[in-house]
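The opening position of the sequence shown corresponds to residue 1 in this note's numbering, with each subsequent residue numbered one higher.
Among the hints, erroneous ones may be present.
[Stated by the list, open to error] The calculated DSS-like cross-link candidates involving lysine-lysine, where the alpha carbons are at most 30 Å apart (straight line), are:
| id | residue 1 | residue 2 |
| --- | --- | --- |
| 1 | K67 | K227 |
| 2 | K199 | K150 |
| 3 | K45 | K6 |
| 4 | K56 | K118 |
| 5 | K185 | K119 |
[As the list claims (entries may be wrong)] Here are the simulated distance ranges between beta carbons:
| id | residue 1 | residue 2 | range |
| --- | --- | --- | --- |
| 6 | E114 | L93 | 17 to 25 Å |
| 7 | E184 | F226 | 18 to 26 Å |
| 8 | E221 | G124 | 31 to 39 Å |
| 9 | N152 | D64 | 47 to 55 Å |
| 10 | N194 | E224 | 19 to 27 Å |
| 11 | V107 | K83 | 21 to 29 Å |
| 12 | N155 | K197 | 43 to 51 Å |
| 13 | D145 | K6 | 37 to 45 Å |
| 14 | E114 | Q231 | 39 to 47 Å |
| 15 | V11 | T100 | 14 to 22 Å |
Bear in mind the hints are in silico, worked out from the structure with no lab data behind them.
Where a beta carbon is used, it is the ideal one built from N, C-alpha and C, also for glycine.
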Amino acid sequence: MCHILKLLLTVIHKRIAQKIDSEISEMQAGFRKASGTREAIFSLKILAEKHIEMQKDIHACFIDYSKAFESVKHEKPIQAMRKTDIDPNDIALISHLYWTQKTKVRVGKDRSDEVDIKKGVRQGCVLSPFLFNLYTEYIFREIDDVPGLKVNGENINNLRFADDTVLLAESENDLQNLVTIIEEKSEQYGLMMNTKKTKVMVISKTEPPKVNIKVKGKCIEQIEQFKYLGQLITTDARSDNEIKSRITIT
């Protein structure tokens, strides 16, 4: 990416960053000021600990998307920006940047004809994280009113850090409902769930019940522990195993 283009993108970024951020749910902690992996991990652990104290189970689905950033359909973030108060001139510039990308494939000394690039956010582009957040925001707005966890009168059914996503519910049926909606909406936006890497866990004070969560008819593996943003999450929500693993590494 040339130096002049980087400067232009930096200027545009300064103009639109706050406007895009105001559109993003608090459930998204990625690429935002005053939030990061620590906040995302803390939120999940607190939810788990509080529900265990209340003797309530948490049914969680840790979603893995296949090549999320490479799968972004260019027209979708543009459509999303048009629903905000971002200056149309800035939208036109970004649209031109993405919709005019072309590439060639070289095999040995031969090169293919030019082909249009219609998917993926640009690597190293200062706008890419913001466009990705806005892009996925419209997927997860589809489950705003779908039952998840009830916390102080608020419905919390997902936590996100960029594309690292966990869906949360108090029952197996509610979790299946969330998974089905998100899988269908994600596919419309070009994001595909990796059913082999997507996992299900029940966090419980007692022996976790077996659940049967499906994506496109395929059962998602139920696990007893999961590395969420580098932090070990277990079915009992205790930190013992995480502490032991850190001591072992040290």
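Now for the hints, and whether the structure bears them out:
1. K67 / K227: 19 Å, holds
2. K199 / K150: 22 Å, holds
3. K45 / K6: 39 Å, violated
4. K56 / K118: Given pair K56, K118 is violated - Cα atoms ~45 Å apart, limit 30 Å.
5. K185 / K119: At roughly 17 Å apart (the allowed maximum being 30 Å), K119 and K185 satisfy the hint.
6. E114 / L93: 17 to 25 Å: 22 Å, holds
7. E184 / F226: 18 to 26 Å: Check passed, 24 Å falls within 18 to 26 Å.
8. E221 / G124: 31 to 39 Å: 35 Å, holds
9. N152 / D64: 47 to 55 Å: 30 Å, violated
10. N194 / E224: 19 to 27 Å: Once the Cβ atoms are compared, 20 Å apart, the range 19 to 27 Å for E224 and N194 holds.
11. V107 / K83: 21 to 29 Å: 42 Å, violated
12. N155 / K197: 43 to 51 Å: Because 27 Å falls outside the window, the suggested range is violated.
13. D145 / K6: 37 to 45 Å: At roughly 41 Å between Cβ atoms, K6 and D145 fall inside 37 to 45 Å, so the hint holds.
14. E114 / Q231: 39 to 47 Å: 45 Å, holds
15. V11 / T100: 14 to 22 Å: 19 Å, holds
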